[in-house]
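K.L.:
Once you've looked at the hints, dock chain S against the given chain A.
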Amino acid sequence: ETGVTQSPTHLIKTRGQQVTLRCSSQSGHNTVSWYQQALGQGPQFIFQYYREEENGRGNFPPRFSGLQFPNYSSELNVNALELDDSALYLCASSFTGQGVGGYTFGSGTRLTVV
Amino acid sequence: QKEVEQNSGPLSVPEGAIASLNCTYSDRGSQSFFWYRQYSGKSPELIMSIYSNGDKEDGRFTAQLNKASQYVSLLIRDSQPSDSATYLCAVRGGGGGNKLTFGTGTQLKVEL
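As you go down the protein sequences, you meet chains A and S in turn.
Heads up: take any position in the first sequence, counting from 1, add 55, and you land on my numbering.
Heads up: take any position in the second sequence, counting from 1, add 656, and you land on my numbering.
Bear in mind the hints are in silico, worked out from the structure with no lab data behind them.
We treat Cβ as the ideally placed atom computed from N, Cα and C, and that holds for glycine.
Careful, some of the hints might be misleading.
To be verified - Across the chosen pairs, the derived CB separations fall in these ranges:
| hint | chain 1 | residue 1 | chain 2 | residue 2 | range |
| --- | --- | --- | --- | --- | --- |
| 1 | S | 687 | A | 64 | 32 to 42 Å |
| 2 | S | 659 | A | 117 | 19 to 29 Å |
| 3 | S | 670 | A | 83 | 38 to 48 Å |
Claimed, not checked - Covered stretches of chain S, as calculated for chain A (at least 3 residues, CB under 8 Å):
| hint | stretch |
| --- | --- |
| 4 | 694 to 702 |
| 5 | 716 to 722 |
If we strip away everything but chain A, and leave its shape as in the complex, we get (with noise of 0.2 Å):
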């Protein structure tokens, strides 16, 4: 059974700049979940995809968008990149059907915008 992944693990961007980032679910899963976390805080959610639709978003602004694909990968596209974009990008699959669990995270994106 294979883990969350994903990709790049670090990444320096300048502001105003565009970034994407990437998620692998777990084998199993069909939700992600994506989240951001600053320093010294608990992950704050953004949005998540279930069947390829955002299904719940948080109080992000439009320029955070994403994607779920077929194979329930995910990825995570920042506009306009401000330099309080600064943090560890989380994303979180899990199963939406039967039953209840927990998000499996995945390693995270540390992104630095200078």
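P.N.:
Quick look at chain S alone, frame taken from chain A:
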């Protein structure tokens, strides 16, 4: 009021002692409750989940849930230096739907 509240710590306990971590939540409709452990610079790792009132034990870890008081706790028995990490409480369900809502985490330090 924050949706999920935790004391940020640090909570310091001697090796071998019991560490008690607490969490309160505001949404009475929350249905699932989780504890994640996060080492510095790493991603959160699920260590316990609990869905009904009472205690749930797994090895050295015990999660306790009291929905009437909207309170979740995690006990770590025989604390080890390797338990030193930030512990994140997360809730799911209710008005939040399928998403996980996290607290800010409690930093635990187990001292030799």
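K.L.:
Now tell me, hint by hint, if it's right for this structure.
P.N.:
These are the hints, each one checked on the structure:
no., hint, verdict
1, 687(S) with 64(A): 32 to 42 Å, "34 Å, holds"
2, 659(S) with 117(A): 19 to 29 Å, "23 Å, holds"
3, 670(S) with 83(A): 38 to 48 Å, "41 Å, holds"
4, 694 to 702, "holds (count 5)"
5, 716 to 722, "violated (count 0)"
This entry does not satisfy hint 5, going by the numbered hints stated previously; all others are met.
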